[in-house]
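Peer 1: Spelled out, the chains give:
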Amino acid sequence: MDLFLNLVASGLVIGSVYGLIGMSFAIIFRTTGVLNFAQGEVMMLVAYTAWTLTHTLLFPFWLLVPSTIVLAALIGMAVERLFIRPMTGQPIFAIVMVTIGIAITLRSLTTLVWGHEFEGFSVPFSGGVVEIGPVFLLTEQLAVLILFAAVSLMTWAFFRFSRVGMAMRATSQDETAALLMGVDSRRMSSFAWAISAIVSGLAGVMVSVLFARAPDMWHFGLKSFPAAILGGLDSPIGAGFGGLIIGVIGELSAGYVWNGLKEISGLILIIVILMVRPYGLFGEKELERV
Amino acid sequence: MRTGNHIESYPRHIALSDNPVVWFWLVALMAAMIVLPAFSGLFVLGLAIRILIAAVGAIGLNLLTGSTGQISLGQSGFLAAGCYTTGLLITDYNWPPELALPMAGIVAAALSFLVGIPSLRLKGLYLAITTLAFSFIITQFLLFAEPITHGPYGVRIEDTVLFGFDLADPTTMYYFCLGILALVTLGVLNIMRTRVGRAFNAIRDQDIAARAMGINLTTYKLTAFAASSFIVGLAGGLMAFQFRFINVDIFSVTLAIEALAMIIVGGLGSVAGAIIGAVFIILLPEVVGDAIGLLPAGISDVLSRGALEIKGLLIGLVIILTLRLEPDGLMGVWRNMKRYWSRWPLSV
Numbered sequence: 453m454d455l456f457l458n459l460v461a462s463g464l465v466i467g468s469v470y471g472l473i474g475m476s477f478a479i480i481f482r483t484t485g486v487l488n489f490a491q492g493e494v495m496m497l498v499a500y501t502a503w504t505l506t507h508t509l510l511f512p513f514w515l516l517v518p519s520t521i522v523l524a525a526l527i528g529m530a531v532e533r534l535f536i537r538p539m540t541g542q543p544i545f546a547i548v549m550v551t552i553g554i555a556i557t558l559r560s561l562t563t564l565v566w567g568h569e570f571e572g573f574s575v576p577f578s579g580g581v582v583e584i585g586p587v588f589l590l591t592e593q594l595a596v597l598i599l600f601a602a603v604s605l606m607t608w609a610f611f612r613f614s615r616v617g618m619a620m621r622a623t624s625q626d627e628t629a630a631l632l633m634g635v636d637s638r639r640m641s642s643f644a645w646a647i648s649a650i651v652s653g654l655a656g657v658m659v660s661v662l663f664a665r666a667p668d669m670w671h672f673g674l675k676s677f678p679a680a681i682l683g684g685l686d687s688p689i690g691a692g693f694g695g696l697i698i699g700v701i702g703e704l705s706a707g708y709v710w711n712g713l714k715e716i717s718g719l720i721l722i723i724v725i726l727m728v729r730p731y732g733l734f735g736e737k738e739l740e741r742v
Numbered sequence: 014m015r016t017g018n019h020i021e022s023y024p025r026h027i028a029l030s031d032n033p034v035v036w037f038w039l040v041a042l043m044a045a046m047i048v049l050p051a052f053s054g055l056f057v058l059g060l061a062i063r064i065l066i067a068a069v070g071a072i073g074l075n076l077l078t079g080s081t082g083q084i085s086l087g088q089s090g091f092l093a094a095g096c097y098t099t100g101l102l103i104t105d106y107n108w109p110p111e112l113a114l115p116m117a118g119i120v121a122a123a124l125s126f127l128v129g130i131p132s133l134r135l136k137g138l139y140l141a142i143t144t145l146a147f148s149f150i151i152t153q154f155l156l157f158a159e160p161i162t163h164g165p166y167g168v169r170i171e172d173t174v175l176f177g178f179d180l181a182d183p184t185t186m187y188y189f190c191l192g193i194l195a196l197v198t199l200g201v202l203n204i205m206r207t208r209v210g211r212a213f214n215a216i217r218d219q220d221i222a223a224r225a226m227g228i229n230l231t232t233y234k235l236t237a238f239a240a241s242s243f244i245v246g247l248a249g250g251l252m253a254f255q256f257r258f259i260n261v262d263i264f265s266v267t268l269a270i271e272a273l274a275m276i277i278v279g280g281l282g283s284v285a286g287a288i289i290g291a292v293f294i295i296l297l298p299e300v301v302g303d304a305i306g307l308l309p310a311g312i313s314d315v316l317s318r319g320a321l322e323i324k325g326l327l328i329g330l331v332i333i334l335t336l337r338l339e340p341d342g343l344m345g346v347w348r349n350m351k352r353y354w355s356r357w358p359l360s361v
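Residue numbers (the working numbering), protein chains in the order written: chain A, 453 to 742; chain B, 14 to 361.
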């Protein structure tokens, strides 16, 4: 039983990371209909920048958090402005291919600038151990869980109550109607990229605190696809909780069945889910006119 | 005054080419390819072999993604499956290479049903994700199923003699790959001018409309998956002879993106485009590497240390720029040039 609880706990930790990245997939998909294959790379770039702020420029932690958020927003907006905006009006297929191009470009650029070395990322709260009943958690693992809860709550509130959030939902439902109501859909796309860069960038910082700042961090982007599919690509909160489920399933299958399953159980799960429900677990079937 | 190239009969419409000039240059190209080894060093020959194998793979991917419109990010998984099938059958089961190579294609095609059947109901992005997931599952299996696949230790292939020709010799390997590429090219070109090929294009353009016109989506989508994976698996089998030592690291996500770059740059849905794209994407890093070597010593040292990153950067930028500036790729550029010259005073 103790093993089970500990596996669930570490599954929730890694699942929070998947969930945050899944959320950022969903934020862009929901607003613009584009699946951003470069999300893992955006996350990696933000994490590397934050690492330089902490370890080269020696920013204190209270300054690091807001400056990372601002930088992440700028990175997200810059990518949208440079690569996605000029593709407006092209078929979705072409735009998704462009995000694949962005992915490999950003990945190469990051390793070109920062090199191949693994580096630790130290934050003031890392290193301690928290004991909750039979479950042992490192303080940084606990921090990931708290971050996930906070970001989920904020994302939910943002889309539910804020003017911009409502405008983004309106754009995703009916772009023409939103335009007629005075919503600037291009600005919404820019916002969506900025917010998703912030959410995934925070996840990226936590990944580098948990493991290391490493040139293969972008793999987390691919591993988070199952989270986004499970929760529905058009629902950020659903994608977040999808991440938790995928994380727990990954840890349990690795702990009880076979170690090789840790990385792929989520992928197998979504293949099965998509066989049964081709539009995701919570996605709605689209009606198409020919 | 010439007003254009008007096709007036159906046989002429589906002919491989109705233009004697095209045939002349094709024969000239083939002759040049045949005499190439006599004039080139080992480096050029190695590069040519890489291009030929990449072109086979790109044609396979193009059949599925370009012609049938099913985006697959998982063809590197089938490449790995084909490569390991050939390698393991020769090394562990002592199969003759003559049989092990076609088995690469057959096993990849059989595996494609595993991914093709769940993908029947999927479209676009969801298909891209499941195929990507599938290629991960294949590489993970290759890495962890050590008793069958040697896991992380890789496979060394000793027996490389096919029909009395030793493929370890670069010249023999070159001719062999050239032959396979010619066969695959002819095969795919001929598929594309039959009912099957036209059905593929109809599915790409609008699958519901295609179904309404009496095209069985299940059959044709699965055929596309199987045919594409057979060709990609064959390319994987050739890679086993090219490297003679294979491990999972070869078949990374980057390889799948490179393959996608080839068909995008060349022009989606065109066999010639896939070949041109393969030539372009393989030669691009080499040419840029040489250009970097010409720069002052200080800069070129720094840049050549990041050769792999620069390659990735170039491939990414090429994908982005092609899609933005000329979505039909190099074949589109060629078509525009041709139209410009042939209709000159009236061309735009």
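Heads up, a few of these hints could be off.
Stated by the list, open to error - Under 7 Å between C-beta atoms, here's a sample of chain B residues computed to sit facing chain A:
#1 A146
#2 Q153
#3 T184
#4 F293
#5 L297
#6 R318
#7 G319
#8 L330
#9 L338
It is worth saying that the hints were derived from the structure and are not from the lab.
Remember, it's a predicted structure, so these values are computed and weren't measured experimentally.
Cβ atoms here follow ideal geometry from the backbone N, Cα and C, with glycine treated the same way.
Peer 1: Does each hint hold? Answer for all of them.
Peer 2: Here is what the structure says about each hint:
Because the smallest distance between the Cβ of B:A146 and any Cβ of chain A comes to about 4 Å, under 7 Å, the interface hint for this residue holds. A least Cβ separation of about 5 Å between B:Q153 and chain A falls short of the 7 Å threshold, and the interface hint therefore holds. A distance limit of 7 Å between C-beta atoms decides the matter here; for B:T184 the minimum to chain A is near 34 Å, and the interface restraint is violated. Because the smallest distance between the Cβ of B:F293 and any Cβ of chain A comes to about 15 Å, over 7 Å, the interface hint for this residue is violated.
With its C-beta approaching chain A no nearer than about 13 Å, B:L297 sits outside the 7 Å limit, and its interface hint is violated. Of the supplied interface hints, the one on B:R318 is violated, with its beta-carbon coming no nearer than about 9 Å to a beta-carbon of chain A, more than 7 Å. This hint holds: B:G319 has a C-beta 5 Å from the nearest C-beta of chain A, less than the 7 Å allowed. This hint holds: B:L330 has a C-beta 6 Å from the nearest C-beta of chain A, less than the 7 Å allowed.
Of the supplied interface hints, the one on B:L338 is violated, with its beta-carbon coming no nearer than about 10 Å to a beta-carbon of chain A, more than 7 Å.
Of the numbered hints given earlier, the model fails hints 3, 4, 5, 6, 9; all others are met.
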